[in-house]
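Given the sequences, and given the hints that come with them, work out the whole structure.
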Amino acid sequence: MSAIINALPSIWGGLVITLALSALVVLFSLIAGVILGLAILWAPAPVRLAIRAYSDVIRSIPLLVLIFFVYYGTPALGIPLSPFWAAVIALSAFKTGHIIEIVRGAVGSIPRGQTDAGKAIGLTFVQRLTYVILPQALRRFLPPWLNAVTDSVKGSALASLVGVVDLMLSLQQVIGRTYEPMPIYVIGALIYFVINFTLSSASRRLEARFAYVRD
Amino acid sequence: MDYIFNFPIVLRHWDKLAWGLLLSLELAALSILIGAAIGLALAVVHNDGPRWARTAVAGYVEFIRNVPLLLLIYLMFYGVPSIGGFAYDAATSFVITLSAYAAAQLVEVFRAGLDAVPKGVVDAGRAIGLTRWQRLLYVRLPVMFRVALPSLSNAFISLFKDTSLASVIAVPELTHAAQWINFNTFRILEVYAIVTPTYLVVGWILLAALRQLEKRFVVVRR
Amino acid sequence: MSATEPPLVAIRDLCKSFGAVRVLEGVSLDVPRGSVVVLIGASGSGKTTLLRCVNALETYDSGSITVEGTEVGFRAPGRRRGEGELAAIRAGIGMVFQQFNLFPHLTAAENVMLGLRKVRKLDKEEARSRAIHWLERVGLGAKTESLPGELSGGQQQRVGIARAVAMEPKLLLLDEITSALDPELVGEVLAVVRRLAGDGMTMLVVTHEMAFARDVGDRVVFMDAGRIAVEGKPRDVLVDPQHPRLRSFLSRVELKRAEEDA
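Chains as they are written, first to last, in numbering that gives the first Met the number 0: chain W, 0 to 214; chain U, 0 to 221; chain D, 0 to 261.
Simulated crosslink set (EDC-like; lysine to aspartate or glutamate; CA at most 20 Å straight-line):
1. D:K117 <-> W:D115
2. D:K169 <-> W:D115
3. D:K255 <-> D:D239
Don't read these hints as lab results, they were simulated from the structure.
Next comes the structure, spelled out in structure tokens:
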């Protein structure tokens, strides 16, 4: 038991890395995903096709393979990356595919009549996007996006497999010292659970709160 | 870029890759079958059972959904035997974990499917004198199954990708084979240039095949 | 109306296809200033498409639509207008939709204010007082802070009308604005339109309400298979029609009305 208590600081250190890694992935995938997700709706056909292909391909590759590929593959290409940044890049590239689909779904679900009505009162494309389409799309974007955030936190555990000392690897290291796998894994599971459950309940609350605007 | 590709040295180990792929498919197939059976039972319990059972199912689903699969795999392979005083092989342990994981996701799918069965159809079953179990077996489940089919296909493809995680407990599936060749030949780019499209293409072929299969059931419905 | 004054809207030889389907085949029509022109016809006859062409919600292939002398769809022959030009043209034309198309995330007042603020560039207070003025005129002074989801269909449609007329358009397009309403809510919406017509608003109206067409329309246009089949004064077109297709159309509408009333 005391061994476990002694291990808490290193678990805490791992948790910080997990949160930092997840936060970066969430940020990068949000930016890239929103830009590409809007582009897939309005950009010229070749660009749309390229984004479509990217999204379909990246979502069809196992995340672990992608992480290994980026981490072990980039040095061969002459650009060695630290495990942390390799994981950030692989996870962000992967998550971007999902965000593209969420954006597309959210914006695509806005009825055509909304665009018509916006046009009819003389709003330009950018104004329609700003005042009519995006505010409505945001409400449909947030709940699935929060789910994608929990996915990112869960996915970040795979970074441990290329040597990022995140929560997952800290747990493994503690087990290596204490030989008490079960309690440590349970503690780890609880920590992940608390983070993700908080996020997914927020997602459900948002969904309930925005329900009234859906006629 | 001065990297010189050398595919032959990697392809010398093609048998490892082929067996790995086959094992990946087996793991995914076993897990979807076991997971669907458990998921179906849990969904029926959740929709028709007493409140405590409902809470238990919801708790199980929440737990699995909010913890990384990787941690569940370790927990099952290293953790559980350590307190149970027994041991099992890595592949068995992995199938148990992935089935439990699949079950949690499929509960939601099946529940939505059961909810989608029109009340009038169930009433019609009642009207011709079917018992509760007969209604479930002959009316609700067949209708639910057709609604849930596309999600089942997606779940299977997703599980196929997740089998790559079995490599972390040394189950010799496709990703493990890739890593093995990696460490023995150092031809990293070649290995992944083969393995990545393999996952991609096999996944797409499976999905296309499953969509064909779904169509058959949809035609029956209309 | 003097004989020399040009019509507000002049449509000439308008043609449009959706792929291989020809929906408008050489339509010519004038809407004089201050008049109400009613388009009737079976679904698929092209009347809604014609209406949507007038404020460029649809493009047209050939022919011309001018509003106050300005060609709507084209900058020059063969050159379509850009987004900014279209927005400016549409700002002068109001439109009310069958499905209301209110912005569900905005209150009734905000729905009306959006165009006033972002297109007319009024400041917030001015926009709000105008919005409230128009909502009062359509009988919704008590509902200004309600979201569309909290309003009945008839109330939503009256907000839709307020949103269009608050922009003080020179022309108002009404696209089957009572078709999605329960029968008991139709009256309140048509009453508002009657008042606007009385105030001299120029309107192009697609409707299935024949009584309304007769009362309010200055001219009635029967469209059939993408062409204008009959055009004239409401009394001449709707009472004792001679055209066989018009006759069968009117009897179908009567029948449907009778079923709904029953």
